[in-house]
Structures are given as structure tokens and as C-alpha cells.
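Sequences are here, hints too, so could you generate the full structure?
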Amino acid sequence: MSDTPSEAPVKSILQKWVRGPQDFVGGLVMMAVALFALWASSDLQGMHGFSFGAGTAPRMFAVLLLLLGGAVALMGLLNDGPHIAAYSWRGPLFVSAAIVFFAVSIRPLGLVVTAFASFMIAALGSEETKWLEATIVGACLTLGCALLFPYVLGLPMPMFPRFLIQ
Amino acid sequence: MELFANLAHGFAVALSPINLLMCLIGALVGTLVGVLPGIGTIATVAMLLPITFGLPPVGALIMLAGIYYGAQYGGSTTSILVNIPGEATSVVTALDGHQMARQGRAGPALAIAAIGSFFAGCVATVLIAVLGAPLTKLALAFGPAEYFSLMVLGLIFAVVLAKGSVLKAIAMIVFGLLLSMVGSDIETGASRMAFNIPELADGLGFATVAMGVFGFAEIIRNLDAGAGMSRDLVQQKITGLMPTRKDLMDSAPAIVRGTILGSILGILPGGGAVIASFAAYTLEKKIAKDPSRFGRGAIEGVASPESANNAAAQTSFIPLLTLGIPPNAVMALMVGAMTIHGIVPGPQVMVKQPDLVWGMIASMWIGNLMLIIINLPLVGIWVRLLRVPYRLMFPSIVIFCAIGIYSVNNAPVDVVLAGAFGLVGYWLIKHDFEPAPLLLGMVLGPLMEENLRRALLISRGDWSVFLSRPLSAVLLAIAAGLLVLAVLPTLRAKRDEVFVESEG
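Chains as they are written, first to last, in my numbering: chain A, 71 to 236; chain B, 22 to 525.
Be aware that one or more of the hints could be misleading.
What the hints assert, rightly or not - Just some of the chain B residues that point at chain A, by a computed CB distance under 10 angstroms:
1. Ile191
2. Ala309
3. Leu413
4. Arg481
If you are wondering where the hints come from, they were derived from the structure by calculation, not from laboratory data. Quantities reported herein were computed from a predicted structural model and do not represent experimental measurements. Ideal Cβ placement from N, Cα and C applies to all residues, glycine included.
Below you can see the structure in the form of C-alpha cells.
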């Protein structure tokens, strides 16, 4: 929610030289993405004669993005604009953790365990979570998913942990 | 008349019990999604794509279409009753709609929104049926150069009409184009930017990116704002749904204007329901005798944008069905749904899949009728649903999204990728980059590359082919003109002013 103290000095430097830090940094990151794409597609074949090679279009778009990113950064440098919005860590961290946990454990642990555990991890992402309530809703949701996806919709999905079945 | 024969055929398809059921489910789910803030149409359609695997293609597309226009209805309900627009399309409806509700006129506001939407839906259905065949013929005259130019025009439209910086919107489109390059090259089969990761060999899944950028990123952003969003519920009982005679007289012309404007903006690539509702509200305010009434419960302010967004939601199927070009992100997902079922969108769909096209068109009219019948009595339930706190809703959405992505390919990597794109989307929001153009660029990327390559191959490497073919030159000229207009300072100022006002 609030700025972490470590961000403060960076911000002041930005504020001194850059009038619109939000666009400035945004443009720089776009340029970095473009450079990365140029590097990643450097091994691909370019134009041969008048026909496109595999690498032509990616490089074309990457150069375009490089120029646009530069322009956005330049605008941020010269024009007054908003500061970089504060990031929070709690929501992104726990939501990502829940997603990664789901991906890692859906195959070995099955839908029932995975869905419930991911629900609880995601619930950590908000300060307002009440645990009893979250557990009940999580359990109901897991039951619903366990009935809906494999049975009603017929999607192939492991239900229970592998070691229990064997 | 061929038209009537086609429509009759469509109704025969759409009225089969299974398709009626699909239509009803789609409309209900759409309304639900529209009502709940924090989960959008794009994420829902992406989430439900795998569910449609087991369905016949016609039923699947009827359901997905239902979700799309159903959401336009649902969004207006919450805008009016609780001042929370469930969808971006109904942001402007909240301005006057909620004021009407506070004055105890929630009933008429809801009824006018429903009537306007229904009228717009009827007109748009006829429009699709009428314009479909001629546009398909036009499409057959299109060569690769024209297709490329048309897509450029579409992307420029998306830029001009998007809010915020033109430069940043273009950057987002190019970013999307670049993302679409990941995976195998169509012609040479060379692996591009895939880093030998087998899951990337087929390219980034469109649903995966959409779910990340629109689903997960939205959730993370909402958590930022604090889950306890203030909910200014209208408590008194909703009595008297029927609008008075004066209400009807006042809103009838507004509904017609909104429908016309929405239909036009929907057809144009890059347009869409959000822009249509903003434009319609602005128009009403401009031509009103007493503009000060707006924002204080003017019924025209509800009637016109609601008609416009529904008309646009439906007419945006026209470029998809006739040219195979998705005009917005939801339509891009529909392309994904069609591809899953082995249907290649484009001019040949109309001829080869008459069941699908006409069935879907007819189902839109039926769906609109269902919405007007089921929604007014259900208003109470929707309002109660809004009381479900976000702290319980968001983990559920996370789980549904994760299961949805996983089941597309049964690939855990897809889930991780979507999570990563969620963080990318969060960063984009923080830096005021709009994710919608990115998605549009990503969808059009492969099509653009293919047509660009083909056009240059045919012209033997001569780039002037885009200007020497008249149709292509006209399309590019329009695109250039629009871009100049958008950058001109006076117009920009006005455009920004429109958005600022409407957001207030």
C-alpha cells in the first residue's frame, strides 16, 4: 500500500531530473523489452531476396517498439506527469504464490487438495480475510469444482493425491 | 428473400432445446459477470473456453456470445442500484442512473436500460443479417495488401478511441504484435524467441495472456485499493418498475440515437461497447436543451449509453463473421473458440457454416428477449450478490481462472505463464499502459505478418503495393488521417475532457 522506505532516494533523484517518472520508466522498460526481443530473434534468418525470413517481422516490430518506448520515455522526461504509483507486495505475492502452487501441485496432488490450498494461499493476499469464513467458503468451492469440472463438464483432471490412489 | 430464408434457418437452429439452454446459460452467466465488479467479460470468456470443448460448436458460440451481451445488461444493473459499474461499458450509466435510483426512480431507470438494450439488440441483429452477405462479397475482393491495410486501420482506430496517451497505446499494440511472434514461424517453421521451451513452441496462448493481463492483474489491482470498496447500496425497495409516459417520450429518441451510434462504432474495428457508451453519453449531453440536468438523474443519460453499448456489442460480430478480423479483445477470444472447434473465421464461414452464423445471429435476438424477461425479476438477487465481500470473491476467481487455464491444454506451464502475465499486467496498470490494445495486437499479429509477407511476395518486394492498390490506399489514408486528428492538440484536449467528465 505505502511506499517502502528504500524507494525514497530513488524517487528523489527521479523527481529532480525527470518530470514524468511514470512515463519515463514505462518507456525505458518498453525499450528493454524491445532490446531483449532483438537479441532473442538475432539468430533467425532475415530477408532473403524480397521474401521475409523468420526473423524479419519480429525484428521489425522490435525496432518499432524500441522507437516508441524511446518516445514515451522522452515525453516522460520533458513533460510533467504522474509519479510512479506505489506498489503493494501482499496482493501480488500471495496471488502469484497461489497460482504457482496450483501449477506445481495439480498433477501430483490432484484437484481437491490443490484447489483448497491455493484458495487459502490466495486468501492471504488480503488483510481483511477472516479465517473461519475463508475455510468454509474454500471448502464449498473445492467441493463445487470437484463436481463441476470432472463430472459435469467431463474435463480430464486428477482428483486426489497420486500416493493415495496407488 | 434470401435474408428471410437465412433468418428463418437461423431461428430454426437457435430454437432447438439445447441451443436455447446454451443461450440462457450464456445470458445468465454474462449478467452475473456484469453484476460482479472485479471480473470482466474478457477473463470470463477466457475462463469458459475450455468448458465449451465438450459442446457442439454452434452451442458453444451461442453461449459465449450470450456472455458478452449479457454482461452489458448486468453492468447497468449495478451501476444504477449501487453506483458500482460492473463493467467498463456501464461507467457512464452510473452517472445518471444512480442519481435516478436515489430519487426513488430505480425502477424506471432499470426498465429504460432494459428496453433500450432490447431495442438496440433487435436493430443490431437485423443489421448483422442485412450487412453480413454484402460485406462477405466485399471481403472476397480483398487481397493480402487490403487485409493488411484494414488491420492497420483497425489498430489505429483502437488507438484513437482508447483513452490516454496515443503514443503509449501504439506502444502497447506493438508489444502485442511482438508477443504474437513467439513460437513457430508459419512459413519456415523456425522456432522464434521460444528459448527451447517446448510449451512456447506453439506460441503464447491467447487465452493465457488474456487471463493474466485481465483476470489476475485486475485482482491484484483491486487488492491494492483495499477489498472494502465502499458500496453505496440503495436500500429502499424498488417499487414501480414501469416508466411513466413522459419517461418513455423523453428516452425514445435517445434510444434511437444511441442505437445508431453504437451500431456504427461496433462495426468499426477497434471500436466497441465501451467507446460507444461514452460517445453516446457525450452526444446526448451536447444536444440536450438543458445539459445541466445530466448527472442529476436525466433519463436520456441512461437510455442512450445503454442502447449504444448493447448495439456495439452485437455489431462487433460483423467484422468477425465477414472478414475474420476480430475488432476487439472479446471477439479475439471468439476466434480462439472457433479455432478450437476447427472453424476458421473469415468470409467462407458464412457459406460453409450457415448453421453457425445464422444460428448465432438468431440466438442474439432470443437472448436479448430472455434478458429482458429474466432480468427485471432477478434484480433483487443480483443486488444481494453484491453483498458478497471481495475478500471471499477474489480467491474463488483465482481458483476458477487457474483451473480454466490448466484445462485448455492440461499444461501447468500455462498457469504459471498466466500468473507471470498477471504481474506484467499489474505493472502496465501502474504505468498507465492500457492492456486492451496489447491483446488486439497479439491477435492481429500473425494475420498481419502473413498478409504483409504475401503482399510483398506478390508485388516482388515492392512496398508501394499498399499505396498503388486503390482500396488499400484508401484504408491507409483513413488510418493516417485519424492518427493526425488524434495527435492534434485541440482535438486531444477535447477528447481528454470527455473522458475526465465521464469518469467523475
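Results for each hint:
no., hint, verdict
1, Ile191, "holds, 6 angstroms"
2, Ala309, "violated, 33 angstroms"
3, Leu413, "holds, 5 angstroms"
4, Arg481, "holds, 6 angstroms"
Hint compliance for this structure: hint 2 is the single one not met.
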